[in-house]
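Sequences listed follow chains Y and W, in order. Offset between the first sequence (1-based) and this note's numbering: plus 869. Offset between the second sequence (1-based) and this note's numbering: plus 61.
You may find that some hints are simply not true.
What the hints assert, rightly or not - Facing chain W, according to a computed beta carbon distance under 7 angstroms, are these residues of chain Y, among others:
| no. | residue |
| --- | --- |
| 1 | D1059 |
| 2 | L1066 |
| 3 | V1068 |
| 4 | D1069 |
| 5 | G1142 |
These are computed hints drawn from the structure, not numbers from a lab. Backbone N, C-alpha and C fix where the C-beta goes; we use that ideal spot for every residue, glycine too.
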Amino acid sequence: MDIYIFGQQLVNGLVLGSTYGLIAVGYTMVYGIIGMINFAHGEIYMISAYLTAIFLALLAGFGLHSVPVVLLLVLLCTLFLTALYGWSVERIAYRPLRHSNRLAPLISAIGISLILQNYIRISQGARNQGVPPVLEGVWRIPAQAVEQQFVQITYQQSLIVITALASMALLTWVIHHTALGRACRATQQDRVMANLLGVDTDRIISVVFVMGAAMAAVAGMLVTLNYGSFDFYIGFLMGIKAFTAAVLGGIGSLPGAMLGGVVLGLAESFFAGFVNSDYKDVFAFSLLILFLIFRPSGFLGVPEVEKV
Amino acid sequence: MNESLPITAVADDPLLAVKEISAGYGAIEALHGLSLQVNRGEIVALIGANGAGKSSLLMTICANPPARRGEIRYLGQEITRLATHQIARLGIAHVPEGRRVFAGMTVEENLAMGLMALANQPVLSAAEQPGVVEDLERVYHLFPRLRERARQRAGTLSGGEQQMLAIGRALMSRPRLLLLDEPSLGLAPQIMGRIFATLRAIVEEGTTIFLVEQNANQALQLADRAYVLVNGCITLSGPGQELLTSPEIRKAYLGGH
């Protein structure tokens, strides 16, 4: 086995896995708190890609060219607006169905997903869109390499991994060490009891959608900067991939979603590098099927216990 | 106190007045025009058989589900239409059936959940409320076992310890009114005795208790006043000691002759 190909796939896998993990967090948190799969989550990611492009163009129009400042401003603006989309989706499509049967919000999720896709297709056009590279440059290991004998890490890729790690660390800290996080965990474990204790559980559910959307926005911005191109349909594949990551890690588990993302990213990269890159999606979804059959609780999930 | 609803209590308003409420789940109506009253500083017991509607009454007081007819007044203010979390923030703490401690959280975190009812913005600032440390000490003083287990997950506690934790969590919200649903359920007699003794101590510190029990003997010995609930209606009421010696009650609930 070629050590350089191995190293390169490791890097690619980690980069891919970090973005899966960021998006998977949104699936797993929403599932944990209201027990439904938010199938519109992929579209939230897609919208954040458009917002990134819009804000990049705006800032360039204002004549801002300092890379760190541009990245930070784009991140903040994209984060805020994407979170607003996440919040609205919950208010419009899910909250009115809170007390109906389990199938209703699922259908509503597919509906809102189609609405968002088509809203973007009509308002922004169906064409592939692009953004110019913002952060250029690569590291090569070893630095004095000849032929194909090196592993390449772009600045962009390192930005993805570092930002993903930082966002996840921040989210984990909020969930475990703040009163807000404690209220989220309590609502997840027993919504009725949390409500009896004075927690406005509807507000906590909104907060969870906002946090999930914010994490998807981070992913959307990073991936857009990295690949440079996107269209109104990218949310679909990315959405199911991240959902797969959430299931692999154990749906409902926050560290599980992050772990599942990295594992799926690595698995896909190595499969593409060493077996066949055309079948990498088939491989990823085969993993999903195998996990659903043999280990539905994933790596870190707890098997569902009937509440008495 | 807290929350936007101003409590302008007149001294002779009862702490809790339930007037002719009907409530239930879906097509099933569990309470039929039920009325009762709890005064400040009392321990009031509600006894009745399994399925009589005892838990439904406590849940309806907390608006989960809300009453379909009738009204509930707390310190003279109508609370029938408030949301569950708003009622909790007025100083009504509920220790529900089955304790419902957060099994995945530590004992300390469970107790901190009691703070959620305290502030106007409970999810952000409750921990900074003055006096929280003293409240925690008070709970640990009432239930020393909780101090020993402070860092343990609540799911690993015994049934009795979970009951203590559920009561301690409720006390952390500095309630004026403590609603207790079957605190004796599934507990060994000596642990039950200890918890009931603690309830007396809690009332002496200024919290009023409304207790729902199947274990009529224990409840009636403890209570100042009691109501008997049969099929969603109050059939009998009076001082605890009086009901304890009433032939009807002895026959129906105390296994007496």
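Comparing the hints with the structure gives:
{"no.": "1", "hint": "D1059", "verdict": "holds (6 angstroms)"}
{"no.": "2", "hint": "L1066", "verdict": "holds (5 angstroms)"}
{"no.": "3", "hint": "V1068", "verdict": "holds (5 angstroms)"}
{"no.": "4", "hint": "D1069", "verdict": "holds (5 angstroms)"}
{"no.": "5", "hint": "G1142", "verdict": "violated (39 angstroms)"}
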